[in-house]
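Undergrad: Residue numbers (our numbering), protein chains in the order written: chain A, 124 to 233; chain B, 64 to 176.
One thing to keep in mind: the hints can contain errors.
[Unchecked claim] Each pair of labels, with its calculated beta carbon distance range: (1) B:Arg148 / A:Leu198: 34 to 42 Å; (2) B:Glu125 / A:Ser174: 42 to 50 Å; (3) B:Ile68 / A:Ser174: 31 to 39 Å; (4) A:Ile136 / B:Asn93: 33 to 41 Å; (5) A:Gly163 / B:Lys141: 35 to 43 Å; (6) A:Ala204 / B:Met103: 44 to 52 Å; (7) A:Lys149 / B:Gly160: 20 to 28 Å; (8) B:Pro117 / A:Pro131: 34 to 42 Å.
Please keep in mind that the hints were generated in silico from the structure rather than gathered at the bench.
If you're wondering where the values come from, they're calculated on a predicted model, not measured in any experiment.
Just so you know, even glycine gets a beta-carbon here, dropped at the ideal spot from N, CA and C.
Residue strings, one per chain:
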Amino acid sequence: SQQGEEDPQALSIQEGENATMNCSYKTSINNLQWYRQNSGRGLVHLILIRSNEREKHSGRLRVTLDTSKKSSSLLITASRAADTASYFCATDASNYQLIWGAGTKLIIKP
Amino acid sequence: DAGVIQSPRHEVTEMGQEVTLRCKPISGHNSLFWYRQTMMRGLELLIYFNNNVPIDDSGMPEDRFSAKMPNASFSTLKIQPSEPRDSAVYFCASSLGTMDTQYFGPGTRLTVL
Numbered sequence: 124s125q126q127g128e129e130d131p132q133a134l135s136i137q138e139g140e141n142a143t144m145n146c147s148y149k150t151s152i153n154n155l156q157w158y159r160q161n162s163g164r165g166l167v168h169l170i171l172i173r174s175n176e177r178e179k180h181s182g183r184l185r186v187t188l189d190t191s192k193k194s195s196s197l198l199i200t201a202s203r204a205a206d207t208a209s210y211f212c213a214t215d216a217s218n219y220q221l222i223w224g225a226g227t228k229l230i231i232k233p
Numbered sequence: 064d065a066g067v068i069q070s071p072r073h074e075v076t077e078m079g080q081e082v083t084l085r086c087k088p089i090s091g092h093n094s095l096f097w098y099r100q101t102m103m104r105g106l107e108l109l110i111y112f113n114n115n116v117p118i119d120d121s122g123m124p125e126d127r128f129s130a131k132m133p134n135a136s137f138s139t140l141k142i143q144p145s146e147p148r149d150s151a152v153y154f155c156a157s158s159l160g161t162m163d164t165q166y167f168g169p170g171t172r173l174t175v176l
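So that you can see chain B by itself, here it is in the shape it has in the complex (with noise of 0.2 Å):
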């Protein structure tokens, strides 16, 4: 298997703007998580899914993020609009249960200007 798949792998963008990050996990796993990193606020889970359907998207900063996963292999995170806070690397990952090992996508390198 590829691993997780995620594009773009950087993106640069103007505020206001809308961006689309797409992940493809890996096949037969059942979750799958988006995350967001900085250097000031770390790790964060933004949502996961379990069997396509959204569990918990607390983690989501706002309504200008949405996530949707309409079939089993592939995700979309959308922010809209951006805005330069939102700058950081989004990582997806998939596992087979929620609590069992992920495994991550490289990560997009998102940049609002």
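For reference, chain A alone in the conformation it holds in the complex (with noise of 0.2 Å):
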């Protein structure tokens, strides 16, 4: 089952803009994960963030987690058109295996 609710469902931006997309989970977890996927590629792991965390970077990209909310956030800051890719987001709320979301399909217009 897919715990994860990611939103937007699709996301279309100028180049050079920042896109936000945020995941949503039902219990807890220890950790969220983000993920990319290019068309016709496997998952790409992007960061981890633990549950005592609140925030975390890593280059272009800035990751929180409000674990009141039971949710977390992906920004990309100056998208490329190499960003253009569907993101998805897990967590580790099952005892042995991620709950992954459905996605969010990003488009980067030059």
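Please dock the two separately framed chains into a single complex, following the hints provided.
TA: Dropping the structure here:
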């Protein structure tokens, strides 16, 4: 089952703008991960944030986690055409497997 | 390391035929996952192994699907007989532990005519 719910389902912005995607989940977690999937490729891990962390950065990526609201956001700053992809969140809410969201499809217009 | 290796990358077959998908996980990873991805249903976990032992196969659609992991470096997903609704991209992923970062293979695009 898919616990994580990303929103929006799709996002189209101009190159250079910032893109923000959100992920909500239902039960307590130890950590939350974000992955990217380029068209026709496998998913690639971007960043992991632990439940005791509120914010994490990696290059142009900024992830926040609000455990009280059971939500996370992924911000991509100064977007580039190469950022066009689908973005998924995954939580470890289950005892033995990651629970995946349905993904946000991001399109960067040149 | 070469990453997770899957073969074939593309498979086109006719309904009723047997299909075997193959996966070589990253060396040293203890967990292996098989996923199916379609536009309609998104990413679905079919089955996963820990230390070569199947832990949860509740995602396997029906008895036509079976998966094996005879050793730490090889796994197969078999569909017999295949049906058009099995058309999808099948991903294999591996990780150190079941809750750790997963590394995905390039996927096998299966088309059943």
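Undergrad: Could you tell me which of the hints above the structure violates, numbers in ascending order?
TA: Result: hints 2, 5 and 6 break, sorted rising.
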